[in-house]
Amino acid sequence: MPLNTQVNLHEPGKRYFRAFSPGDDFYEALIATHRDLTDEQSAMVNAKLILLLANHIGDISVLREAMKIARDGVA
Amino acid sequence: MLSTFQYPKFEYVRPPELASQGEGHYPVTVVGAGPVGLTAAIDLAQQGQQVLLLDNDDTVSIGSRGVCYAKRALEVLDRLECGEEMVQKGVSWNVGRTFFRNEEVFSFNLCPEPDHHRPGMINLQQYYLEDYLVKRARQLPNLEIRFRNNVIAVAPGEDRASLRVETPDGAYTLTTDWLVVADGARSPIRHMLGLDVEGKIFMDRFLIADVVMKADFPTERWFWFDPPFHPNQSVLLHRQADNVWRIDFQLGWNVDPEEEKKPEHVIPRIKAMLGEEREFELEWVSVYTFQCRRMNRFNHGRVLFVGDAAHQVSPFGARGANSGIQDADNLVWKLKLVIDGKAPARLLDSYTDERGFAADENLMNSTRSTDFITPKSAVSKTFRNAVLDLAEHYPFARALVNSGRLSVPSVLAESSLNTPDADDFAGNMVPGAPMDDAPIETAGGQTWLLQALGNRFRLLYAVQDAATLDAATVAALRELAGGAIAVEPIVVAERGVAPGALKTLIDTKGRIRERYDLHPGTTYLVRPDQHVAARWRELEPTKVRAAVARATCNA
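Each protein sequence line maps, in turn, to chains P and Z.
Note that numbering that gives the first Met the number 0 has the first sequence beginning at 0, numbered continuously upward.
Note that numbering that gives the first Met the number 0 has the second sequence beginning at 0, numbered continuously upward.
Since the hints were derived computationally from the structure, they do not count as laboratory data.
You can trust all of the hints, since none of them are fake.
Keeping only pairs whose Cα atoms sit at most 27 Å apart, straight-line, the calculated DSSO-like set for lysine-lysine is:
{"hint": "1", "chain 1": "Z", "residue 1": "K380", "chain 2": "P", "residue 2": "K67"}
{"hint": "2", "chain 1": "Z", "residue 1": "K260", "chain 2": "Z", "residue 2": "K375"}
{"hint": "3", "chain 1": "Z", "residue 1": "K8", "chain 2": "Z", "residue 2": "K134"}
{"hint": "4", "chain 1": "Z", "residue 1": "K199", "chain 2": "Z", "residue 2": "K260"}
{"hint": "5", "chain 1": "Z", "residue 1": "K542", "chain 2": "Z", "residue 2": "K341"}
{"hint": "6", "chain 1": "P", "residue 1": "K47", "chain 2": "Z", "residue 2": "K380"}
{"hint": "7", "chain 1": "Z", "residue 1": "K375", "chain 2": "P", "residue 2": "K47"}
{"hint": "8", "chain 1": "Z", "residue 1": "K88", "chain 2": "Z", "residue 2": "K134"}
{"hint": "9", "chain 1": "Z", "residue 1": "K213", "chain 2": "Z", "residue 2": "K270"}
Cβ pair distances, simulated, as ranges:
{"hint": "10", "chain 1": "Z", "residue 1": "S106", "chain 2": "P", "residue 2": "Q40", "range": "35 to 41 Å"}
{"hint": "11", "chain 1": "Z", "residue 1": "Q87", "chain 2": "P", "residue 2": "M43", "range": "53 to 59 Å"}
{"hint": "12", "chain 1": "P", "residue 1": "I68", "chain 2": "Z", "residue 2": "K270", "range": "36 to 42 Å"}
{"hint": "13", "chain 1": "P", "residue 1": "K47", "chain 2": "Z", "residue 2": "P262", "range": "49 to 55 Å"}
{"hint": "14", "chain 1": "P", "residue 1": "R34", "chain 2": "Z", "residue 2": "G426", "range": "34 to 40 Å"}
{"hint": "15", "chain 1": "Z", "residue 1": "K270", "chain 2": "P", "residue 2": "M43", "range": "41 to 47 Å"}
Glycine is no exception: its CB is placed at the ideal position from the N, C-alpha and C atoms.
Taking the hints into account, I'd like the entire structure generated from these sequences.
Written as structure tokens, this is what we have:
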């Protein structure tokens, strides 16, 4: 399965009345994860987060695609 | 600065208390003639209630201030018979575009469905809105407005409140059974009563410049993150009535607001944005900060807080005046039932529950927008810019771009006034939902569903051909109108006219059927504020009465 770049965020059992709500729920939780951390600590949290999510996804071809897109235009 | 608007000067009249030296007593007093206080006073007066409205000033809002009025607020204002004038004068829009540096990264449509009466939003200077509301208020003989009447002391009691009011002719005292407080974000009455309001102040400043110019930009909301003409900050452009354009520049915390307001600082910012050639004149300039906070309770015995006095949000999302108007919409029918002895006073607790839920949702959404627009840490800014970078090509990232989630009404799905569904329904018109509009035809011609609802409990009963209604159903429907709390029955049909002088709505485009998942026999109980209270797949009058009792705390 190729990398899914369509809207895909949701929480099981939760009913949404507004399309923007699930994405905003996630984004708030993401930013909250970094609250009160130094930049160095945040970088460590992000690295761990990527490793955990990569293992969950499992399919390395999907991960390669994501890594390529992430790097595009950055350097 | 230029002025496109002539400020009215409302006449001060010496209050009768000062003439007779007596103390007046009033069933309901509303303090504050802004959008929310006027809405509450007009709504109460329309319900037949005697109302006194006090305001410390003698004109409308100075400056354009709140300019975005959302679909749901317009529907409430329609119920007060002044929505049309506002929509005619205002600038209707549905589409918002978001830019990151030079690129458009995201756009949204507030009203993507066809066949709704009102647009997603209108932009209208607050002074027009207030002017139209004052005009409407003055048509109501049971609504007395006293300008330049400033409340300087409040003594709440068990069954009434006492107010000390200052006027140009001196001070007087009045008592009132109920006090509705709509005196704004700084709420002097909230302070006088020592009531807490909890939340936080955001360390950022924004410059509002209202500019008069002829421009052919489309009627859309344009929002820039980090544009070349105002690097590292955000900018918002909005069209208002009379060729007035609202430009909102983020300034950051470390600027001097008095300096930034000076035309010699404002004009170069606007020229950088619009180009040197564009001709414009400044109409109004202001620098603001904001707080996100709410009172724990909105009802305190005989004292009821509405609008900014009860809760404040950031301006990203137009959730201030819009939520305040919905506060009044939610409060007034409940207060009227309590005043008339048809519901216990604890019905007013549901005002705090329902509008507190809405306030929390507004605070959450406006705080999320604020955190996206003005990130508080380096990592937050990195994530923000990563989202904006990805948004150009990837739909998932577009959905995360948050330049303000614009005011939409809360679905009060958790309210204790709802009767939970026992039958299966598709769609979003769950108990507690604000009702979706739809085009209809009645004996009077083409109109809209929401124009036929509101102000009292109604029962929508769906059939295919209204003329085929049997006598027993007609009798059952008619009987509901006779209870202590009357429920007006309305037949929703594809065709035909219901017998027995029952009001019939023809669902001309099938939108009611679609949006409410109607089958023949489907029944919706609708509150006076156009929210769904209960629904069933068949009409059972005992269940309807039980649901009315539940929705009014009479169960």
